[in-house]
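S.K.: Each chain, letter by letter, is given below.
Number of protein chains: 2
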Amino acid sequence: MKARVYVMLKNGVLDPQGEAVHHALGALGFDGVESVRQGKVIELDLAEGTTEAQVGEMCEKLLANTVIESYRIEM
Amino acid sequence: MKARVYVMLKNGVLDPQGEAVHHALGALGFDGVESVRQGKVIELDLAEGTTEAQVGEMCEKLLANTVIESYRIEM
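Same order as they appear, the protein sequences are chains A and B. Heads up, the first sequence is in our numbering, so the first residue is 1 and it goes up one at a time. Heads up, the second sequence is in our numbering, so the first residue is 76 and it goes up one at a time.
Bound-form chain A, shown alone (with noise of 0.2 Å):
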């Protein structure tokens, strides 16, 4: 079975890779691009019965760091 992270910085949080691409895609002539955010997206293949809080856990324990990013989970 399959599951899905998205591991975001909260807001507030400087985000300088998001900074650095939207400055990037202004040198390349990209306009109409007011702000980027860049986050991570983690595909998880589980063995079957794996519950949404043990992949919880996971996220808690190493895949997302809480206290400046917050995290989705898709089963």
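Simulated from the structure, these hints should not be mistaken for laboratory data. Hints may contain errors.
Quick list of in silico lysine-lysine cross-link-like pairs, DSS-like style, CA-CA up to 25 Å [claimed, not checked]:
{"id": "1", "chain 1": "A", "residue 1": "40", "chain 2": "B", "residue 2": "136"}
{"id": "2", "chain 1": "B", "residue 1": "115", "chain 2": "A", "residue 2": "61"}
{"id": "3", "chain 1": "A", "residue 1": "40", "chain 2": "B", "residue 2": "77"}
{"id": "4", "chain 1": "B", "residue 1": "115", "chain 2": "A", "residue 2": "10"}
{"id": "5", "chain 1": "A", "residue 1": "40", "chain 2": "A", "residue 2": "10"}
{"id": "6", "chain 1": "B", "residue 1": "115", "chain 2": "B", "residue 2": "136"}
{"id": "7", "chain 1": "A", "residue 1": "40", "chain 2": "A", "residue 2": "61"}
{"id": "8", "chain 1": "B", "residue 1": "115", "chain 2": "A", "residue 2": "2"}
{"id": "9", "chain 1": "A", "residue 1": "2", "chain 2": "B", "residue 2": "136"}
{"id": "10", "chain 1": "A", "residue 1": "2", "chain 2": "B", "residue 2": "85"}
{"id": "11", "chain 1": "B", "residue 1": "136", "chain 2": "B", "residue 2": "85"}
{"id": "12", "chain 1": "A", "residue 1": "40", "chain 2": "A", "residue 2": "2"}
{"id": "13", "chain 1": "B", "residue 1": "77", "chain 2": "A", "residue 2": "10"}
{"id": "14", "chain 1": "B", "residue 1": "115", "chain 2": "B", "residue 2": "77"}
{"id": "15", "chain 1": "B", "residue 1": "85", "chain 2": "B", "residue 2": "115"}
{"id": "16", "chain 1": "B", "residue 1": "85", "chain 2": "A", "residue 2": "40"}
{"id": "17", "chain 1": "A", "residue 1": "61", "chain 2": "A", "residue 2": "2"}
{"id": "18", "chain 1": "B", "residue 1": "77", "chain 2": "B", "residue 2": "136"}
{"id": "19", "chain 1": "A", "residue 1": "61", "chain 2": "A", "residue 2": "10"}
Just some of the chain A residues that point at chain B, by a computed CB distance under 8 Å [claimed, not checked]:
{"id": "20", "residue": "23"}
{"id": "21", "residue": "25"}
{"id": "22", "residue": "34"}
{"id": "23", "residue": "43"}
{"id": "24", "residue": "45"}
{"id": "25", "residue": "47"}
To be clear about the criterion: a stretch of chain B counts as covered by chain A if any three or more of its residues have a C-beta under 8 Å from a C-beta of chain A, and this derived list gives those stretches [stated by the list, open to error]:
{"id": "26", "stretch": "103–115"}
{"id": "27", "stretch": "136–144"}
Treat the numbers as computed from the prediction; the structure is a model and nothing was measured. Note that the Cβ used here is the ideal one computed from N, Cα and C, for glycine as well.
Using the hints, position chain B against chain A.
M.R.: Positioned in the frame of chain A, the structure of chain B alone reads:
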């Protein structure tokens, strides 16, 4: 208007980041994880009227390395 771009490594391309996460999950005692793939999610805040084709051009020129990565756009 918002657009989201998902960038993942193409199948068959070695994913060292995914391997590292897989290994770390095992070390933390999460046994039921068969494989892990990690990619990027890029949230773009765009001027009204920006087309999917323009976002595609951003992907081709900057957001994805199309030699080893594939991308999916959500407008």
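S.K.: Hint by hint, work out which the structure violates, then give me just those numbers in ascending order.
M.R.: 9, 20
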